[in-house]
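Chemist: Protein sequences, first through last, are from chains A and B.
Numbering of the first sequence is given in our numbering, commencing with residue 1 and proceeding in unit increments.
Numbering of the second sequence is given in our numbering, commencing with residue 1 and proceeding in unit increments.
It is possible that some hints are incorrect.
For each label pair, taking beta carbons as the anchor points, the in silico distance ranges come out as [as the list claims (entries may be wrong)]:
no., chain 1, residue 1, chain 2, residue 2, range
1, A, GLY550, B, GLY401, 24 to 30 Å
2, B, SER622, A, GLU396, 52 to 58 Å
3, B, ASP477, A, THR140, 27 to 33 Å
4, B, SER622, A, ARG233, 36 to 42 Å
5, B, ALA115, A, GLN594, 44 to 50 Å
6, B, GLY418, A, GLU126, 54 to 60 Å
7, B, GLN125, A, GLU126, 55 to 61 Å
8, B, LYS580, A, ARG541, 44 to 50 Å
9, B, ASN434, A, ARG541, 45 to 51 Å
10, B, LYS580, A, SER286, 28 to 34 Å
11, A, GLU626, B, VAL527, 42 to 48 Å
Per the computed footprint, the stretches of chain A lying under chain B, defined by three or more beta-carbons under 8 Å from a beta-carbon of chain B, are [stated by the list, open to error]:
no., segment
12, 45-59
13, 103-116
14, 200-212
15, 473-486
16, 573-581
17, 643-653
Hint data in this document are derived by calculation from the structure and do not stem from the laboratory.
Here a beta-carbon is modelled for each residue, glycine too, at the ideal position from N, C-alpha and C.
Protein chains: 2
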Amino acid sequence: MKPPIRNPRLLIVALSSLVLAACGGEGSLQANAPAGNGKIGELMEARGLSEADVSAALKTYTPTGGRDEYLMFASGGHSGQVMVIGLPSMRILKVIAVFTPEPWQGYGYGDESDALIASGDRDGQEVRWADTHHPALSETGGDYDGEYLFINDKANARVAVIDLEDFVTRQIVSSQLIQSDHGATFVTPNTEYVVEPSQYPAPLGGGYAPIEEYDTKYRGAVIFWKFDREKGRIDKERSWAMELPPYMQDLTDAGKLVSEGWVFINSFNTERAWGGTLEGKPPMESGASQNDMDYLHIIDWKKAEKVAAEPGKTERIAGLPVIRLDTVNEEGLLHFVGEPKSPHGVDVTPDGREMVVSGKLDTHTTVYSFEKVRELIENEDYVGRDPYGVPILPFEKAVRGQAEVGLGPLHTQYDGDGNAYTSLFLESAVAKWNVKELRVIEKIPVHYNVGHLATAEGDTVSPDGHFMVAMNKWAIDRFNDVGPLLPQNFQLVDISGDSMQLLYDMPIPIGEPHYAQIIEAAKVKAVEVYSPIGTNPLTQRVDPYATQAGEERIERDGEGVHVYMTAVRSHFTPDIIRVKEGDPVHLHITNVEQAKDATHGFAIGQMNINLSLEPGEHSNVSFVAEKAGVYPLYCTEFCSALHLEMAGYLLVEPK
Amino acid sequence: MKPPIRNPRLLIVALSSLVLAACGGEGSLQANAPAGNGKIGELMEARGLSEADVSAALKTYTPTGGRDEYLMFASGGHSGQVMVIGLPSMRILKVIAVFTPEPWQGYGYGDESDALIASGDRDGQEVRWADTHHPALSETGGDYDGEYLFINDKANARVAVIDLEDFVTRQIVSSQLIQSDHGATFVTPNTEYVVEPSQYPAPLGGGYAPIEEYDTKYRGAVIFWKFDREKGRIDKERSWAMELPPYMQDLTDAGKLVSEGWVFINSFNTERAWGGTLEGKPPMESGASQNDMDYLHIIDWKKAEKVAAEPGKTERIAGLPVIRLDTVNEEGLLHFVGEPKSPHGVDVTPDGREMVVSGKLDTHTTVYSFEKVRELIENEDYVGRDPYGVPILPFEKAVRGQAEVGLGPLHTQYDGDGNAYTSLFLESAVAKWNVKELRVIEKIPVHYNVGHLATAEGDTVSPDGHFMVAMNKWAIDRFNDVGPLLPQNFQLVDISGDSMQLLYDMPIPIGEPHYAQIIEAAKVKAVEVYSPIGTNPLTQRVDPYATQAGEERIERDGEGVHVYMTAVRSHFTPDIIRVKEGDPVHLHITNVEQAKDATHGFAIGQMNINLSLEPGEHSNVSFVAEKAGVYPLYCTEFCSALHLEMAGYLLVEPK
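Chain A with its partners taken away, still in its complex shape (with noise of 0.2 Å):
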């Protein structure tokens, strides 16, 4: 099966073909090459490429043993999980466990796993898979520093710190002050703060009210975690809350240089609709779209932050110390300017100077200058108030112009010369457009249903531009048919040009990614081992379980078995674990290997524990030898030529 090729691009092909032909150029090329590598053209009319298909093709192919430019963090969707995605060759090169189960990492399947997803559960409720949103990278400066990357789950609300040192997840926080949340996870220009907005208005604190109450009885609300960068975990203890209006607060950016100290929301639905589809109202699409402005929440983080520290200034709910909407308003930490309209996107310039707002049924970014939105709050330059007595801005004082991009805009993204890049989700296609003169340079399509925008450093004081990527929702005609679930696509575009550059489609195969952030894969720094020996990847210390070579061995307490092991290649010690019917059963396992990539894995069948021991870890593994029966144990990594003889039994003895 060839790709289609459309008439023009056979006529360039041909005429190419011709061309080449008549200079010898790609006799030339061909010269030094392999046998079986064909001529250029040959190859470009065999496969349908076209020029700009070559030129794609060589700025995307990594050749073996070549390394990729940037990592992308993708969040997995509702796979739960974080995506690690190579440019320019777009290629995943880990899918990290951070929500779901993941039995190749042993994610799940553990001791220390197991209970780090179980400390995710929510209000006793097991939850086990979530749906991932905004990964953010922990900054330095408003740059990101490479250390750790911070995650949201939009289903429950909840908050993951994973470790970029060897890409783990160390933790995951929730609290039940809020139910669901979207604009998370993003940081403060120096990770002082994890920000983690609500979306779908509740009841603080969890607990029933009518839904006739809604305008009383539910909130929003934004935690702001503290995170803690010399343990690397966020601190529940010196976190805290801030209650917002019953609206549906949405994408979430941090001010940065002159802005540093702020925190902008978008909002929709200040409408307060809630649906109703089957008892004659409106559905919440139509209900929430009625009015021509919503709120963008503009927040002095480092002034709630005082006020928080106060005491008596704030109320206790859920575990977090809260500061209710009547403080909020009596110390001025909140105010409101219109953002027209179905806002979903809002995002602060590299230079921390404006902030760009996108209004899904709009189709204008507005720009809002930081400088007047402080002037006015200073001055108490007020429209007005909400229902909830937070003071609204005046729109046309706030604003210092719009751009007209398109239909449907949605996100916003930045290069580093003044340009700005705007996905346009009804056009299927990303505007490029200079932030100063308001003006649109260039339209790029995109397949299909374009939601977020990624470029290199997008999100820092200093983007690279060079690469932006369009998080595509439906792929539609894009690949071979797999099925009625298709998956998403990626589209690799070079910026780096005077004009935009389709590079590459990547289908997304697992879960529908929402955002993502590229950085320039130089400033991370992954250990190869883990070192000493015996080390617990969710400790960072060595286990107190860890066993080292020669003092493999099997003791009984009162409680139950504790089995010491090792793995080497190619064998377990012990690989015969003789144990009784009934009797609880501590595994301590540690790999005492420390060359690279000599994983072994170790699964017991029908036990459902499956472990990955890379180079150097300790793992535990408890379970109860509920059967009388014969068990074989194995390793699940190809780890040596005799690696199917890494394997032994366990023996569960009848009573």
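Given chain A's structure and the hints, the job is docking chain B onto it.
Modeler: Below, chain B alone, put in the same frame as chain A:
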């Protein structure tokens, strides 16, 4: 970070640039190309591409909207899933959820798929992962027909059936007869049977026996699962099995054409070692490597099928009629022939005339003649019997010859021109050799530690040649560092020319695939939507609870609450669900759209529920509303510009 440029490559690049500049060939290539493309020579230099790289790039790059020529179905290793990869682009088009819950596909987060996964539990013990090894495409006349895919789980001895009409898992079967498998799944030439041999011996049917009684109480077995193509399911009632000695049965292949009706199974550890590293015994890796020869198992399955049907010839164990070893020997269903040394692969040639065996500790592949084997069996020309009474054929008389291929040969695939390709684990290379002449033609290095190989249509009676994929177990230095756990590396090799050409390195980020099959894409005909509206993918019928637009309702009966919902861009009806604390709730949701790619998700926060509703699909999910509260529900697939508004609430009122 640019790809590391080795000096010779730099030279070539410099040279070619000069030549190109001189002749202007690149100029002409550049002529019609969009701005920002850069000239070929410049691109080569900028990205450190050799001429071979350029050729490889053009042979693999697939432009937007282009289709891949082949689909590779690769086991997902211990992810428990199956990957669908397009060739030559090497893009992952889909990950099919099989044994492990996968929230994006709503697999394991709704009623029917929960039940399907639970049907794979072993002996009442919950199993939520798998170690998938050998995918097998359904065959007609020994050729892939593109209708079904089968995959095994080594860790828990299970087999799954995937329907390629919609790329959805339909069935999981297992039997307590065996406790692990490996050489599964392979199919007979018309998919009469899906063959599953055990790997690690254990008491047949489960239960305990001391490891010291390994020789007498432990056994292997091979299950012949009967496939009912009309129903698209394995028919357990018509399936049967055969007892085998307690060796470790390994790779399997079915005879074809002249050898149709026969099945061949490798084995190792005829020494019957079982380790005991902590008990002063040698580890299995050395204990199992004492003998110069293990036994190739030669099974006459057409004869065995008749015997299995005869009254009194089988014993029912774990729900399967099993032909015990004494009957196996009486009826002459099984013969052995020596195979050197620690063999892994047995691969029948496309013409069905010969079987090629690789020994991990041998430097040769051994070529057996089926004709000779059959004559030896007919003449009962035995050199003896093994301790279990299985007749052993004389090695020298069964073998046509050997080819010295290199260190650590594992697995062999074929092209259409009489050549074989054998992976060399220890050498990290692939040897191409002529089967007739037993002569190595060429070797190509691969990176690193190659396991299986897959050639286009490689297991059929008519391989395509064209492409070969080396499934490398270690990546080491091939990709950017992403922590101690590295991806695997699939390397695409062009085998269509006189000389093999490495085309592409593809990192595998989710599990360690063991084997793959590659089918011409045109053979697979997947549906685009579910029709009629309300179809339940797991029953392939309109669901009894399917809801049409206008028929939405909420009904309460004595047992609980039934909610009949529809999903359409951009709302659910109903979107407000009012229940009482403690109510059993049954949601019946139909996606009433018929537009391709118009998938809706359905999630309820904190309830561990996420459904993927493809166009026309109906799905059911049940839960108990245990805690009073307000639970947002929403569409988890970005379906429209107002997707964020496709939301509502589950309201659980206190008792």
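Chemist: Next, verify each hint and record whether it holds.
Modeler: Evaluation of the provided hints:
no., hint, result
1, GLY550/A to GLY401/B: 24 to 30 Å, "violated (47 Å)"
2, SER622/B to GLU396/A: 52 to 58 Å, "holds (53 Å)"
3, ASP477/B to THR140/A: 27 to 33 Å, "holds (29 Å)"
4, SER622/B to ARG233/A: 36 to 42 Å, "holds (37 Å)"
5, ALA115/B to GLN594/A: 44 to 50 Å, "holds (45 Å)"
6, GLY418/B to GLU126/A: 54 to 60 Å, "holds (57 Å)"
7, GLN125/B to GLU126/A: 55 to 61 Å, "violated (19 Å)"
8, LYS580/B to ARG541/A: 44 to 50 Å, "holds (49 Å)"
9, ASN434/B to ARG541/A: 45 to 51 Å, "violated (57 Å)"
10, LYS580/B to SER286/A: 28 to 34 Å, "holds (30 Å)"
11, GLU626/A to VAL527/B: 42 to 48 Å, "holds (43 Å)"
12, 45-59, "holds (count 13)"
13, 103-116, "holds (count 4)"
14, 200-212, "holds (count 9)"
15, 473-486, "holds (count 14)"
16, 573-581, "holds (count 4)"
17, 643-653, "holds (count 9)"
Comparing the model with each numbered hint stated earlier shows that hints 1, 7, 9 do not hold.
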